[in-house]
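A.B. asks: In case you want the letters, here they are:
There are 2 protein chains.
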Amino acid sequence: MLKHNFSAGPCILPQEVFKKAAAAVLNFNDLSILEISHRSKDFVEVMEKAQNLALEHLDLTDKGYKALFLGGGASMQFLMVAYNLLESKAAYLNTGTWSTKAIKEAKLFGDVIEVASSKDQNFNYIPKGYTVPSDVDYFHFQTNNTIFGTQLKDDPTVSVPMVCDMSSDIFSRKRDFSKYDLIYAGAQKNMGPAGTTLIVVKEDILGKVSRSIPSMLDYQVHISKDSMFNTPPVFPIYVSMLTMEWLKDNGGIEWIEKINNEKAALVYDEIDRNELFEGFVANKEDRSMMNLTFNLVNEDHKDTFNKMWQEAGINGLNGHRSVGGYRASMYNALTLESAQTLVDVMKELERKA
Amino acid sequence: MLKHNFSAGPCILPQEVFKKAAAAVLNFNDLSILEISHRSKDFVEVMEKAQNLALEHLDLTDKGYKALFLGGGASMQFLMVAYNLLESKAAYLNTGTWSTKAIKEAKLFGDVIEVASSKDQNFNYIPKGYTVPSDVDYFHFQTNNTIFGTQLKDDPTVSVPMVCDMSSDIFSRKRDFSKYDLIYAGAQKNMGPAGTTLIVVKEDILGKVSRSIPSMLDYQVHISKDSMFNTPPVFPIYVSMLTMEWLKDNGGIEWIEKINNEKAALVYDEIDRNELFEGFVANKEDRSMMNLTFNLVNEDHKDTFNKMWQEAGINGLNGHRSVGGYRASMYNALTLESAQTLVDVMKELERKA
Ligand SMILES: Cc1ncc(COP(=O)(O)O)c(C=O)c1O
Ligand SMILES: Cc1ncc(COP(=O)(O)O)c(C=O)c1O
Ligand SMILES: [Mg+2]
Ligand SMILES: [Mg+2]
Ligand SMILES: [Mg+2]
Ligand SMILES: [Mg+2]
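In the order they appear, the protein sequences are chains A and B.
Its first residue numbered 1, the first sequence is counted upward by one per residue in the working numbering.
Its first residue numbered 1, the second sequence is counted upward by one per residue in the working numbering.
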């Protein structure tokens, strides 16, 4: 039976991407994609296409940005951002586990001003009304908090370089991406499989810190080698390219945002309507369209509900241990049908209870 | 036509590995391997199997070593080694491009003593008779120099921790791996596809430097999380596991070493016998069994030879730009038949010339 994969990441990708990826493992211009040289014409083309597609989706082509696909995961960016940009102090918004980890790494390189935090309520809201000092090296935040299910809907306006971890909502909704100076995202949500991280950086913010940066951690080194300073993660980049192509062929972010909104409305409406469930996030405007966190009002239904969604072919619905309850991660490739299946199970529980 | 893939890396892997990898992209316990959570039971099993197989092949099980599969490439280890181990000074053997790059990164963290270098002859030999000081934090070298085609056949004996980049000959020949304290290798030669790096480290050498280490660069952090501190490169690790299984099922390093010796003998004998060709490496005992570098004695034959090997289905035979000529990379998965095909073409050129 086909699974409805609600995993938080790595996560569902389009079925046609899986098919093309599997085919390329068997034959990609007479070789397996797994055995081709990263310096081959074929792979250089893949890399360029991936870089161009990333910039195109973000509407950042020819605006002074470069796209890199590096290994190491988004967590590596927590320290690379600070290594490359933090000269004396930086401002961070603390909206959850990933912010907290980013702050921890940045503190090794300079002072961190936490402009606001929602830790007081287990990160169930997005702080507002904070001020970002104008004398910091940059302002860092996460657009979407994968674990807690909150999301910044608007793009902040600040007078310093704006650095953003978009790991869990990149390519899911329109934003004014040109307000951002550095965007990074682990591939393993809306972009591809685990194993590569996209960095889109405005070149003019680089080269300003006085420390010496190890080559592999230096954005300028990677830019100067077109993201091929060393052997890149070939297959994860190839599958990311396929996924970005799929998005483009179907109508881009504008197209997927509508579907994502539909899916989220469907499930949030049921969470609200159904008295057996309650949302985790305090304010509706902070609710994530990607990771929908909710709880059973009465834990007595837990075993029944768990059995029901598993029998319905749903996968990966358990919440993160720091939140508990449930988390429906509904990334770009998750279909409306899968969202409907979850709603059906929630309704069915209501009938049974 | 099936290609004889002599690429230097990423490179040929066993055909059965490609088949199993493609199948897992389509279906791995009802999901694609590309969409499963890295925290799922299924992937935790893959990771454990990969770690155990790596230690088993190196005969390092239960000897105080831990195996990690990280992202970032072997180049990331150039700096991680220094970050984690270099307190005041370290000794490096300079045998080529990769040594030179490792030395460059280490210098950011402390003093580097270059115990010997073969740079004077474009790295066409392995220096011998050097002394490694007993007061350095560690001794670093490469067993195999992918670009120049030289290889250290013996395992040095030193009184300090021994750190080794085995990217291009790991799992290809028996060594006394227990003489090494930290071994690293980019997957993309004998272990798997690009996108993950194996680190095998003796735990007792860690935790001795006074600097603070960013989490993602800290071996102890990765060890404490069983190589799952963050999202690992799931698919590259899975394919590495398949490749290590293939090696084990067929008889392990002992089995492949015999075949590798046969293949190398076949091609080196022809390089020596055939008057149109000459080897690049000065001393026969330094010749690599993995990367066989050679030149045409008379460059006039270049176009003819290039056309001939390409028509024979050979791929990736051009030498690295810093050496020129040809490089036949004959990793574990390259068959004796492919080596014979190359020899046949060399003989055919002789007949034609
Ligand atoms: C928002 C966000 N940032 C960073 C990370 C860390 O990513 P990685 O595991 O690739 O290091 C995650 C992982 O889920 C995430 O959701
Ligand atoms: C011996 C050796 N060390 C290190 C590297 C660098 O590896 P990576 O490209 O994974 O950073 C290579 C690459 O070919 C290599 O051959
Ligand atoms: Mg979070
Ligand atoms: Mg409700
Ligand atoms: Mg070399
Ligand atoms: Mg000869």
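Worth flagging that the hints you see were computed from the coordinates, not collected in a lab.
Take these hints with a grain of salt, some might be off.
No copy is singled out in the list; a pair is fine if it fits within one copy or between any two copies.
EDC-like mimics (lysine to aspartate or glutamate), calculated; alpha carbons at most 16 angstroms apart, straight line [as the list claims (entries may be wrong)]:
(1) Lys-66 <-> Glu-48
(2) Lys-258 <-> Glu-16
(3) Lys-225 <-> Glu-203
(4) Lys-63 <-> Glu-203
(5) Lys-63 <-> Glu-275
A.B. asks: A separate judgement is required for each hint: does it hold in the structure or not?
C.D. replies: For each hint, the structure was consulted:
For a Cα distance limit of 16 angstroms, the shortest separation of Lys-66 from Glu-48 inside one copy, 11 angstroms, qualifies, whereas the shortest one across copies, 37 angstroms, does not. In this assembly of identical chains, the alpha carbons of Lys-258 and Glu-16 never lie at most 16 angstroms apart, being 21 angstroms within a copy and 43 angstroms across copies at closest. In this assembly of identical chains, Lys-225 and Glu-203 lie within 16 angstroms of each other by CA distance solely inside one copy; the values are 14 angstroms within and 35 angstroms between copies. Proximity of Lys-63 and Glu-203 under a CA criterion of 16 angstroms is satisfied intra-copy only: 10 angstroms inside one chain copy versus 48 angstroms between copies.
With identical chains, the CA atoms of Lys-63 and Glu-275 are never at most 16 angstroms apart, being 49 angstroms at best within one copy and 57 angstroms at best between copies.
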